[in-house]
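S.K.: Protein chains in written order, with our numbering: chain A, 1 to 113; chain B, 1 to 108.
Mixed in with the good hints there might be a few duds.
No more than 27 Å apart at the CA atoms, straight line, and that leaves these computed lysine-lysine pairs for DSSO-like [as the list claims (entries may be wrong)]: (1) A:Lys57 with B:Lys3; (2) B:Lys52 with B:Lys69; (3) B:Lys3 with A:Lys55.
Since the hints were made in silico from the structure, they are not lab data.
All values reported here derive from a predicted model rather than from experimental measurement.
For reference, the chains in residue letters:
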Amino acid sequence: DVKVTQSSRYLVKRTGEKVFLECVQDMDHENMFWYRQDPGLGLRLIYFSYDVKMKEKGDIPEGYSVSREKKERFSLILESASTNQTSMYLCASSEGPRNSPLHFGNGTRLTVT
Amino acid sequence: DAKTTQPPSMDCAEGRAANLPCNHSTISGNEYVYWYRQIHSQGPQYIIHGLKNNETNEMASLIITEDRKSSTLILPHATLRDTAVYYCIVIAGSRLTFGEGTQLTVNP
Numbered sequence: 001d002v003k004v005t006q007s008s009r010y011l012v013k014r015t016g017e018k019v020f021l022e023c024v025q026d027m028d029h030e031n032m033f034w035y036r037q038d039p040g041l042g043l044r045l046i047y048f049s050y051d052v053k054m055k056e057k058g059d060i061p062e063g064y065s066v067s068r069e070k071k072e073r074f075s076l077i078l079e080s081a082s083t084n085q086t087s088m089y090l091c092a093s094s095e096g097p098r099n100s101p102l103h104f105g106n107g108t109r110l111t112v113t
Numbered sequence: 001d002a003k004t005t006q007p008p009s010m011d012c013a014e015g016r017a018a019n020l021p022c023n024h025s026t027i028s029g030n031e032y033v034y035w036y037r038q039i040h041s042q043g044p045q046y047i048i049h050g051l052k053n054n055e056t057n058e059m060a061s062l063i064i065t066e067d068r069k070s071s072t073l074i075l076p077h078a079t080l081r082d083t084a085v086y087y088c089i090v091i092a093g094s095r096l097t098f099g100e101g102t103q104l105t106v107n108p
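Only chain B is shown next, with the shape it has when bound in the complex (with noise of 0.2 Å):
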């Protein structure tokens, strides 16, 4: 499975989007890209998954590059319930691997 990049911590204000970046250059092409979250001491959340196209839920919009190497998930209106571990996973099958993910801090 391919391997995931993500920055450590980011901040945003209550309100503002929120734009977290992963980078999975070494993706193949039956790899989908999966964004999950974690909330103190909860159980993770699946938030959005995609193979090519971008995507769009009640919950984020998931943009892929065209050549597949990247990502972003946006959360278009960040509140402080939205301060989490946000963790990007490729994979083909259901194996999934957690790294250690982007700690999102919004604050007021």
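Chain A extracted, bound-state conformation (with noise of 0.2 Å):
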């Protein structure tokens, strides 16, 4: 079974600090994906990646940035964390073809104050 492992499961943080969320994946997938997700929102895509040091905006980009150094770890990062950042964070992965579906992890569950 394809395991999608994000550090943390519960996170607290003060506005402005920097946030690391860090999520690998142990199937050698080439995907990883970050999304966010909020009641009455759904899930929303933040960044994706298709390769090692590859990234891609998704649709709400504005306030995060990614970082793919190795293939099985994708890290999402708050430069600035502010309070509408609080929020549950998703990680995923999936397969080199375009149509492969998503092994998410269970999530983490960012508050910031």
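Take the two lone chains, each set in its own frame, and fit them into one complex as the hints suggest.
M.R.: In structure tokens, the structure reads:
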């Protein structure tokens, strides 16, 4: 079974802090994704990556950046956390072919105070 | 990507089949139909996907109409652990966009 592991289940940070959310997958998948999930808005794509050192903006990239130095690891960075970034963050991975299904981690619930 | 329409909630008795509908009338020829579900406080779980033909796996069956404008996810023998939000998504690539889905409640 594919395993996507997010480093923290719950995180509380202060406004203005730099925040790192880490995600690791163990199935040698090419593609990795970061989503956020908010009530009434569904899941929204922040950034994704099709290869090491490659990244593309999703639908809501503002206020975020990402890093993919190794194939199995995809990091989401909040340069200066704000209260409107309080959310559930979900990482996912998929195999190379474009229509391969996504496999999700269990999420990190981030609260910015 | 095509927009999908799902009922906000459904109920099903334990042991019975759960049939979850999805309308995607603007689907284009190269777009797949995906189904995911999300159990409370967990990440979404992939269930099944298809293009034109009906599909079946160990979790569910997917019935796609001949004109591809709607589909139905069937859980043949629903259990209490199938209570979750079910998402129908239509897409040609990997950029999945999730709507609000259907809250399925399986009752004892």
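S.K.: Decide, hint by hint, whether the structure agrees.
M.R.: Consistency of the hints with the structure:
1. At roughly 21 Å between alpha-carbon atoms, Lys57 of chain A and Lys3 of chain B fall within 27 Å of each other, so this suggested pair holds.
2. The hinted pair formed by Lys52 of chain B and Lys69 of chain B meets the criterion: a straight-line CA distance of about 10 Å does not exceed 27 Å.
3. Pair hint Lys3 of chain B plus Lys55 of chain A holds up; C-alpha atoms about 26 Å apart against a cutoff of 27 Å.
Violated hints are absent here; each numbered hint is respected by the structure.
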